[in-house]
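Residue numbers (my numbering), protein chains in the order written: chain A, 1 to 60; chain S, 1 to 143.
Hints are not guaranteed to be accurate.
Claimed, not checked - Under 7 Å between C-beta atoms, here's a sample of chain A residues computed to sit facing chain S:
id	residue
1	Leu5
2	Ser9
3	Ile24
4	Ile49
5	Leu50
6	Trp53
7	Met55
Claimed, not checked - Quick partial rundown of chain S residues pointing at chain A, CB under 8 Å, derived from the structure:
id	residue
8	Leu52
9	Met60
10	Leu67
11	Lys141
Read the hints as simulated data drawn from the structure, not as lab findings.
Everything numeric in this text was worked out from a predicted model, so none of it was measured.
Idealized CB from N, CA, C, for every residue including glycine.
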Amino acid sequence: MTIQLSHFSAAVLFAVFASVVFGITQRNSTREMVRYGLYCFAMFTGGVILAGWVMWLLRR
Amino acid sequence: MANSTTEKAKAADTPKIETQPITTMSVVVPAVAWLIPGAGHLIQKRWGRGLLLMGSICTMFALGLALQGRVYKPNGGDILDMLGFVGNIGAGGLYIVTRAMDWGQGAIAHATADYGTKYLIVAGLLNFIAVADAYHIAIGKKQ
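Pulled out of the complex, with its shape left as it was, chain S reads as follows (with noise of 0.2 Å):
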């Protein structure tokens, strides 16, 4: 008796853990979101945020290739040049199209192009942000 009244009250202590279940829009909404900035927010029927996150960011990255901008290689061999792979690589799709196009070398030619690099990074750092909250929507967090 003494046993099974401790034992309840270690469950009350005991914070709980919220687990969300594994369902297919909560694998589907983030992969999606990641390959094209705003499309997670799309196929859930939030047209007006998924079409101002997919012209933001598309628009952002954009705008660093136009300005010269360059965009980092996974072998970078230097610490910032890594990190710098870390936020190209969050823009999904556009960073695999820009690789695979060749664009993006970065042959600075004027004050501003650094500009360019710092926009890429940000375009693929701001779609993370977009990816996890299409997650949230996903699995019902947010609205």
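If we strip away everything but chain A, and leave its shape as in the complex, we get (with noise of 0.2 Å):
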């Protein structure tokens, strides 16, 4: 079985799966992962956002 995902959507699993392991492996309470878990993944998308305008730019 094969799948094609789009840039964006690769970009934002992979956000997923890395904050649940970050979140769960660099806290020791429950609320502390959770939210460790949310900064990762608002760090990772917005990298991706970021990092997509700036080549947006560049290619003007």
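Two independent chains are provided; combine them into the complex using the hints.
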């Protein structure tokens, strides 16, 4: 079975899985894990969007 | 008298190195955690964390294969291939099954297939982090 994802959906899925693992492994309490996981997800996704705009500006 | 005082002062200055006792769990847990992602937490009754880690790492690895990512072999010949292998081998049992089934041969057919290769490598690296976390729980460093 093969699938095809867009660049953005592939990057967002990557962010979801990496954030879950980072949240669980890097913090001690459940509340901190959730907060850190959400923070990582926001940073990953924000970084992707920012990099996308930077590339758009460079291409112009 | 003076000597014993000096020795005491030296002993106080020397930083204490905490050594962890080798227990069955401290040996078994990392091995199981590496072989089956998330299982290191599950055998220590951290059900929620274990299932989330297992779901994330296994799904990431499966998506990597579905995206036609490439699985690296140990004797790639190129230094970057060797690093890719180090990442891949972190997935433990998933990597062994993939190699046994001859999946992940990576005939890149579309632009985003390279994401598949990265997914496979990162799934292995995330499992290394999960193994370390399971070990810390096993030795009592983390709850």
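These are the hints, each one checked on the structure:
With a least beta-carbon distance of about 6 Å to chain S, the hint placing A/Leu5 at the interface is held under the 7 Å criterion. A distance limit of 7 Å between C-beta atoms decides the matter here; for A/Ser9 the minimum to chain S is near 9 Å, and the interface restraint is violated. Interface hint at A/Ile24: satisfied, since its Cβ lies 5 Å from the closest Cβ of chain S, which is below the 7 Å cut-off. With a least beta-carbon distance of about 17 Å to chain S, the hint placing A/Ile49 at the interface is violated under the 7 Å criterion.
Taken as an interface hint, A/Leu50 does not check out: its beta carbon lies about 19 Å from the nearest beta carbon of chain S, beyond 7 Å. Taking 7 Å as the C-beta contact cut-off toward chain S, the hint placing A/Trp53 at the interface is violated, the least distance being around 20 Å. Given the 7 Å rule on beta carbons, the hint for A/Met55 is violated: about 15 Å separates it from the nearest Cβ of chain S. With a least beta-carbon distance of about 6 Å to chain A, the hint placing S/Leu52 at the interface is held under the 8 Å criterion.
Proximity of S/Met60 to chain A holds as hinted, the smallest CB-CB distance being about 4 Å (cut-off 8 Å). Because the beta carbon of S/Leu67 sits about 6 Å from the nearest beta carbon in chain A, less than 8 Å, this interface hint is met. A distance limit of 8 Å between C-beta atoms decides the matter here; for S/Lys141 the minimum to chain A is near 10 Å, and the interface restraint is violated.
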